[in-house]
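K.L.:
Chain residues, written in single-letter form:
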Amino acid sequence: MTFAVGSELTSRLEGFRAVQRLAYECAETVAAQLRPGVTEREAARMQREWLRERGVRDWLHLPFAWFGDRTAFTDFRLPFQFFPTHRALEPGMPFILDMAPVHRGFTADVGYSGCLGSSPLHDRMLADLQAHRELILREVRERRPLREIYESVDRLMVRQGYANRHRAYPFGVIAHKVGTVREQRWSPTFFGFGAQALKGLLGDALHGHREGWSPLWSPHAFSDHPPRAGLWAVEPHLGFRGTGVKFEELLVITDSRDPEQSAFWLDDDLPHVRRWGP
Amino acid sequence: MGAGVSLKGARERRVHTGGIELCVAELGDPAHPTVVLIHGYPDSKEVWAEVAERLADRFHVVLYDVRGHGRSSAPKPLRGGFTLEKLTDDFLAVADAVSPDRPVHLVGHDWGSVQSWEFVTVQRTEGRIASFTSISGPSLDHFGHWLKKRLTRPTPRRVAQFLGQGARSWYVYLLQIPVLPELAWRGPLGKRWPSMVRRAEGLPRDGYPTASLPEDAAHGAWLYRDNVRSRLSRPRTDAYAQVPVQLITPTRDDFLSERLFDDLSGWVPELTRRTLPAKHWVPRTRPDQVSTWIADFTLAQEKAISTPGGRASVTPETTRATRATRATRATRATRRKAMSQKPYTERFGGQLVLVTGAASGIGRATAFAFAEAGARIVAVDRDAEGAERTAELSRLIGAPDAWAEVVDVSDAEAMEKLAVRVAAEYGVVDILINNAGIGLSGPFLKTTPQEWKDVLDVNLWGVIHGCRLFGRQMAERGQGGHIVNIASAAAYQPSKSLPAYSTSKAAVLMLSECLRAELSQQDIGVSAICPGFVHTNITSTARFAGVDEAEQQRLRERSTRWYGLRNYPPERVAEAVLRATLRNEAVVPVTPEARGAQLLSRFAPGVLRRIARLEPPL
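Heads up: the sequence lines are chains V and B, in that order.
Under my numbering, think of the first position of the first sequence as 650, with each following residue one higher.
Under my numbering, think of the first position of the second sequence as 219, with each following residue one higher.
Everything labelled a hint here was simulated from the structure, so no lab data went into it.
There are no misleading hints in this set.
Counterexamples of contact, computed for chain B against chain V with all Cβ distances above 12 Å: (1) A311; (2) S317; (3) P321; (4) F380; (5) L401; (6) S413; (7) P422; (8) S430; (9) R452; (10) G484; (11) E634; (12) R639.
Okay, the calculated bits of chain B under chain V, using three or more residues with CB under 8 Å as the criterion: (13) 582-590; (14) 606-615.
The beta carbon of each residue, even a glycine, is placed where N, CA and C say it ideally should be.
Put together the whole structure using the sequences plus the hints.
P.N.:
Next up, the structure:
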């Protein structure tokens, strides 16, 4: 999807920004309620119910919650392992909440990392994510092929001493496109993924296949193309010996020639960005 | 008396209790936490000389001769004078004399540990003991239950454990014979014992044992006669430890099986385990490690006491309760991880580990694995930023301390300076990992002398310098150690595309084998690790001989992609390093291709030669 100029653009971005804020608000609220003994399933349900109460009817994907070494996807081999389990939260455990609600037709996909109690390692890893946020924006503005940017992120992670854990996602993606979804009375989900949003992604994949681009930003050859205009949910995910941290937020890419306008993060007022400070 | 070793600078005093005069020695400032060291059989307090000296700067160290030993007087009559109840009286008298207001930290070796178990499990010492470090001496009550369990519910494994410990206890049976042991000790055995035990146990030649040995040993026989039979046949059922216990187990002890302590966590609510690859007399053969562990444990307990509400008193009920909640809370996965991690933590906790090439790949992963086990890390690399990063993350995942050192391992002078600096600032290295290496590929006829020199300088000379300098420090200290050299499967798999690299690694493998033979005398183990294709950045920094820059870059990218597809993580090599160190393995191939090539090199070297002719798919 490309954007028309002017007020239409702003109003649409406002819609995305609103749902992203809503999702992050949900993550912060649920994270504050997590106590020892809460299971992943309970945490996922808390997110779902909180968002339902605020008018979310459709999803790109239902909320996920990962606790402990599951934040680093330790020993993940099958896609089913991503779904919430009965693992209970313990003091000192890291956790990640990940949700993709659709609100008034706009999709967001956010990831929130936290830790129950203080952990200097977790703090360090969260701080190290900042370099990735800057690197991705810089290289997208340079219009480098997505696959090369992926490899740059990979190299930075190795230099930092971490393992690339977004590699564990389907197709090893670091990001994927999101768009608007038509609001319908019935919005079914399949294996946690919303039918409407999946349809949109499939349509993009089909178009992209003909035109030589892909809505999935992966390490594979099909991502060997310059950044494509649209909204991308970017999710670099660091793993280190049983601890994983990530952020996920929307990156706006446009066809503008002005580097500042060609790519920017949709919102800079998010929990992880506030944490890093100005 | 007391010829040979002596306790330098010790203040002596006499403590009277129940008609006995005990000889008590004190070192260090009495304002510091008090550590009471209790010797075993047949020993006197001087057995602790080396350990006491190392503890004296931070602790008030108290040693005493057990009744009937050294310069303490013996009870009359001897029979019935050595019961655990009377030994408890002695301990309480000493504790009250040297530290009337504060509880003391107990450390026991051999029979000193056996009697200390009694002290920490009976009610009347409550409030007098803060912690207990047990070395090579079980509680007779726990031992009694251990035997009973193995006899009343025999399984093949339990029977084997029973017989194993039964065979190690031969001397206990001999000591039950009347009169003869006394005659032997006062006669020929007393004279020969020092040289016998020195040879069998590899003890240093420092004038120990003292001249009182024959009398000590003769009196001490009553320790066994007064206690062993009665306690083993009717062990107490309430022998729960009331204080935190640190158990140090020498893994090559000729007198005690490691299995003896398997059930201990049921008796001790707060148990810290340590293992040491050494024989029975660790206070004499490993004083550095033993005193470090005593100091760390004691200080940790002092801290727990001084923090308000730090430690509640522990009863058997709370023990069971905490264990139950812990069991339900810990998930299966975390428990599995903790279990697999345990032997490493017990063995490497607090040790000093130096890793070369620690800024990336296998070196970095190895540093992290040792850090997780609680070792102190020295991360050495040419890349300052990478080494600093390794040290920083090591501290975050469990290393009590970690430092980065920027050194090129091929630079002899720089390595010598490093060795001096490390010894002065961090201590003698316990475990050395020679990992730094560079890649060089290309046909022999196109490899320049400079390229040969570069690869040999790092891959071979780096290892030589490491072994030479740090191996010497280990040997001179005489308290064991371990060296791991990272060779490669290329050390035994010839290849037309890696002549220089393979040559350097084959040399490292042979060097490791020779060094292993030489250093085995000094209890220093040497292992060579031979990984196959492991996904590290060696491919992106490797040189390809005889091609231009563009081709160089292309080959690097291609090989990096190939290794990425193979995707064998360096963490698994790191695990092999820890395992090899723990078990003192000689040559360890890692990855299936490395194991396969090793098999072929033995049984079908012709196949390897044919593989060597293949063109790499780059």
